[in-house]
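2 protein chains.
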Amino acid sequence: MEEIKIGMLGLGTVGSGVVRIMNDHQEKISQITGRRLKIIKTAVRHLDAHSAQEVPGMQITDDVHAVLHDPEIQIVVEVMGTIDQAKAYIIDALKHGKHVVTANKDLIAQYGSELVQIAQENKVDLFYEASVAGGIPILRTIVNSFAADQVEDVKGIVNGTTNYILTQMVAKGVSYADALKSAQALGFAESDPTNDVKGIDAAYKMIILTQFAYGTNVKMSDVTVEGIDEIDLADINQAKSMGYTMKLVGESQEIAGKLAVSVEPMLVPKDHPLATIQNENNAVLVKGAAVGTTMFYGPGAGEMPTANSVLSDIIAVTKNIVLGTTGNTFNGYRQKAALATPDMIESAYYLALRMPDIPGQLLRLTDILTKADTSVNQVIQTETDGEHARVVVVTHKISLAQLQTIRDQINRNSDIDLISCYKVLEAQA
Amino acid sequence: MEEIKIGMLGLGTVGSGVVRIMNDHQEKISQITGRRLKIIKTAVRHLDAHSAQEVPGMQITDDVHAVLHDPEIQIVVEVMGTIDQAKAYIIDALKHGKHVVTANKDLIAQYGSELVQIAQENKVDLFYEASVAGGIPILRTIVNSFAADQVEDVKGIVNGTTNYILTQMVAKGVSYADALKSAQALGFAESDPTNDVKGIDAAYKMIILTQFAYGTNVKMSDVTVEGIDEIDLADINQAKSMGYTMKLVGESQEIAGKLAVSVEPMLVPKDHPLATIQNENNAVLVKGAAVGTTMFYGPGAGEMPTANSVLSDIIAVTKNIVLGTTGNTFNGYRQKAALATPDMIESAYYLALRMPDIPGQLLRLTDILTKADTSVNQVIQTETDGEHARVVVVTHKISLAQLQTIRDQINRNSDIDLISCYKVLEAQA
Numbered sequence: 001m002e003e004i005k006i007g008m009l010g011l012g013t014v015g016s017g018v019v020r021i022m023n024d025h026q027e028k029i030s031q032i033t034g035r036r037l038k039i040i041k042t043a044v045r046h047l048d049a050h051s052a053q054e055v056p057g058m059q060i061t062d063d064v065h066a067v068l069h070d071p072e073i074q075i076v077v078e079v080m081g082t083i084d085q086a087k088a089y090i091i092d093a094l095k096h097g098k099h100v101v102t103a104n105k106d107l108i109a110q111y112g113s114e115l116v117q118i119a120q121e122n123k124v125d126l127f128y129e130a131s132v133a134g135g136i137p138i139l140r141t142i143v144n145s146f147a148a149d150q151v152e153d154v155k156g157i158v159n160g161t162t163n164y165i166l167t168q169m170v171a172k173g174v175s176y177a178d179a180l181k182s183a184q185a186l187g188f189a190e191s192d193p194t195n196d197v198k199g200i201d202a203a204y205k206m207i208i209l210t211q212f213a214y215g216t217n218v219k220m221s222d223v224t225v226e227g228i229d230e231i232d233l234a235d236i237n238q239a240k241s242m243g244y245t246m247k248l249v250g251e252s253q254e255i256a257g258k259l260a261v262s263v264e265p266m267l268v269p270k271d272h273p274l275a276t277i278q279n280e281n282n283a284v285l286v287k288g289a290a291v292g293t294t295m296f297y298g299p300g301a302g303e304m305p306t307a308n309s310v311l312s313d314i315i316a317v318t319k320n321i322v323l324g325t326t327g328n329t330f331n332g333y334r335q336k337a338a339l340a341t342p343d344m345i346e347s348a349y350y351l352a353l354r355m356p357d358i359p360g361q362l363l364r365l366t367d368i369l370t371k372a373d374t375s376v377n378q379v380i381q382t383e384t385d386g387e388h389a390r391v392v393v394v395t396h397k398i399s400l401a402q403l404q405t406i407r408d409q410i411n412r413n414s415d416i417d418l419i420s421c422y423k424v425l426e427a428q429a
Numbered sequence: 001m002e003e004i005k006i007g008m009l010g011l012g013t014v015g016s017g018v019v020r021i022m023n024d025h026q027e028k029i030s031q032i033t034g035r036r037l038k039i040i041k042t043a044v045r046h047l048d049a050h051s052a053q054e055v056p057g058m059q060i061t062d063d064v065h066a067v068l069h070d071p072e073i074q075i076v077v078e079v080m081g082t083i084d085q086a087k088a089y090i091i092d093a094l095k096h097g098k099h100v101v102t103a104n105k106d107l108i109a110q111y112g113s114e115l116v117q118i119a120q121e122n123k124v125d126l127f128y129e130a131s132v133a134g135g136i137p138i139l140r141t142i143v144n145s146f147a148a149d150q151v152e153d154v155k156g157i158v159n160g161t162t163n164y165i166l167t168q169m170v171a172k173g174v175s176y177a178d179a180l181k182s183a184q185a186l187g188f189a190e191s192d193p194t195n196d197v198k199g200i201d202a203a204y205k206m207i208i209l210t211q212f213a214y215g216t217n218v219k220m221s222d223v224t225v226e227g228i229d230e231i232d233l234a235d236i237n238q239a240k241s242m243g244y245t246m247k248l249v250g251e252s253q254e255i256a257g258k259l260a261v262s263v264e265p266m267l268v269p270k271d272h273p274l275a276t277i278q279n280e281n282n283a284v285l286v287k288g289a290a291v292g293t294t295m296f297y298g299p300g301a302g303e304m305p306t307a308n309s310v311l312s313d314i315i316a317v318t319k320n321i322v323l324g325t326t327g328n329t330f331n332g333y334r335q336k337a338a339l340a341t342p343d344m345i346e347s348a349y350y351l352a353l354r355m356p357d358i359p360g361q362l363l364r365l366t367d368i369l370t371k372a373d374t375s376v377n378q379v380i381q382t383e384t385d386g387e388h389a390r391v392v393v394v395t396h397k398i399s400l401a402q403l404q405t406i407r408d409q410i411n412r413n414s415d416i417d418l419i420s421c422y423k424v425l426e427a428q429a
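Just so you know, the sequences run in chain order G and U. Going by the working numbering, the first sequence opens with residue 1, and the numbers climb by one from there. Going by the working numbering, the second sequence opens with residue 1, and the numbers climb by one from there.
There may be inaccurate statements among the hints.
[Claimed, not checked] Below, in silico cross-link-like pairs of lysine-lysine (DSSO-like), each with a Cα-Cα straight-line distance of 27 Å or less:
#, chain 1, residue 1, chain 2, residue 2
1, G, K219, U, K270
2, U, K172, G, K270
3, G, K38, U, K172
4, U, K287, G, K336
5, G, K240, U, K270
6, G, K319, U, K319
7, U, K172, G, K172
In short, the hints are calculated from the structure, not lab data.
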């Protein structure tokens, strides 16, 4: 059987997983592709860190170019991470006619379109299924199964770290700080969790999902991003008592031909499919005009799920090599869409306010909301220290512009504070 | 732009949906495939039933062979239903070099491997994504994303009619007969619901899923099938009070290299992902050795979701035509596996018994279970009419062989009746 020779950059958790799956399932892979896949060289940063690792037939080197320029290697797998360095290596590989598979979401979200173009110019494949939602094959599913449909909305829990932290906060009533500590102890959060807890990682994934769902490239600055690091347990408990859970939801929606992309904590009704996604799991809900609402659920990260997605990409490249059909872009859908304006983006909102605990206050609040043309679903006064009351309002659907009017009105009243403000997700039909 | 001409057999709900999506999303489809897709002829049984239907550029005919033998037509879409007739037409089309897309699960489950072979001999494509779980792209996902992985278990709610009926029984406490009536009134059940409520439709889908997950063909007689038409509300209510819901679950599992395929009502823990699938929706849970547990959820039937899956197949064929890569099978994975024996297939069970309401009965029951080496999780005596008591037992995991021993023991005791017996699904980690 003919062999396809593969080179790899990086031999950390994902890289080791790729080696393992390729060994364990060699026979099935060969049966499906008609080729024997073989990783012949892997480049690592520090050779001595890998002195104990031995993979028969695979050379471990610290010379990246020995991988990138090896004429025998047809596919380069990048699982080393970093942005600038990985970008340079991938471009080098593409220009040397290698097909590239990467799991690097930061890189793809920022420089995806540039890399896609270089791949096309060099008539090679560039796949990155593992860059979004680890084990969930969401990108290929959008490409293949929503091709004839019009995607109207993509909502996802696409960051396992924050979902783990929020699940702990909701289930055990622990604070953000404590939940983060336990997540770090269990390896679900990194020692510097900034990218995850600030929503940046999720935003990268939403940028890639937006490209696949709508064919449109958006930049990080186009995405409204809010993290989970300032969530107060009081709001989580309040939300719980009202039948909601709290999730960090990425959303990419099409509104009258324009796009709105955001990542922010939201109140999710308990019987909503996204409410049931626990701990480090991920889920992506895709709404198509024809198909309706579908959901794809699975492990969002981890050695083996991510490695499996990398393998799916390697197999896709291999099939293309066999069929002579390499060089077609992962996602062939291209469409230019502008961003939606604040008056177009609508949602119900949860607002927690601190107000003087004296008569007539509810009237003042009603007045503020009325000025913003906002009707109210629920008002609850939850606690008072005698001087100040905590009041929670859930609005009906209003626009971001209306929300801004409410914020402005509140700011004008020095004795009313907006403590927190979250979107409330609509119940699923 | 070059045109791909399509012929269709059948213009019912799904056929009309295909026409509609193709018109509505023509531009996007053309952008992705580089071709203009056009249904030029559709064959129907009774011309006069379609006299009001007018689709510009599409001829409606009652001459099937005008479609099958039209040299201009490259793709034939079969959405007419039936088994023998559809089979003959599809074979005719394949032999005339047409690519075929079908939504016909009964046909594929029974004659899939024969049709696949004919397609291969004639170097044409045969796709049938819509045959399983309507709008959920589960077949293509297994092909593409589990290629490098080893599927260990597939569990699915793959019949919308029965899930609708069971959802109503659980939520509203109505009887099977009443729930069926309301399902029929709403169009979720056919006037003759046999195929659905007896589990046959779900079994067809499990046969197809088994072929994709394990590469193995199983026959209907290899599948353990039990419907929902004999489910007693008393058991549903009992299950509810114990933290379970009732679902018709299709399962295809690999046990030590052998396969067990079944469709039967099961008690599903309330926080299990399958428990949240309501009404006519479908979901398929796939467990892979590397990736872990993933779930794919969406509308299981309906005009537009099914039509969208048909369109995905048409686009897949079109891409293959453009790339010159037609003639490869939908699922290239082939593996021969024997069926697991009753001693290998394990589950926890819910048993409802009718026993004399006199002292010493629990001892007798314990004796029976002990003889089958069965330990018990819960025993509940729920009601008594003074003479007879209703006793519910939930066992720990036992094999089908052990269950048979329990049944035999009970049969030997003329005053103990086994009223009902259901598998209990394990909680999801």
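* Asked: Does K240(G) pair with K270(U) here, judged by a C-alpha cut-off of 27 Å?
  -> This hinted pair holds, its Cα atoms lying about 18 Å apart.
* Are K287(U) and K336(G) close enough, with their CA atoms no more than 27 Å apart? -> 38 Å, violated
* For the pair supplied as a hint, K172(U) and K270(G), confirm whether the alpha-carbon distance does not exceed 27 Å. => Holds, at roughly 19 Å.
* Regarding the pair K38(G) and K172(U), is the alpha-carbon distance no greater than 27 Å? -> 57 Å, violated
* Asked: Given the hinted pair K219(G) and K270(U), is their alpha-carbon gap at most 27 Å?
  -> 41 Å, violated
* Quickly compare the C-alpha distance for K319(G) and K319(U) to 27 Å and report which way the hint goes. => Distance of about 14 Å is within 27 Å: holds.
* Would you mind confirming whether the straight-line C-alpha gap from K172(U) to K172(G) stays at or under 27 Å? => 32 Å, violated
Figure legend: structure checked against the earlier numbered hints; hints not met, in rising order: 1, 3, 4, 7.
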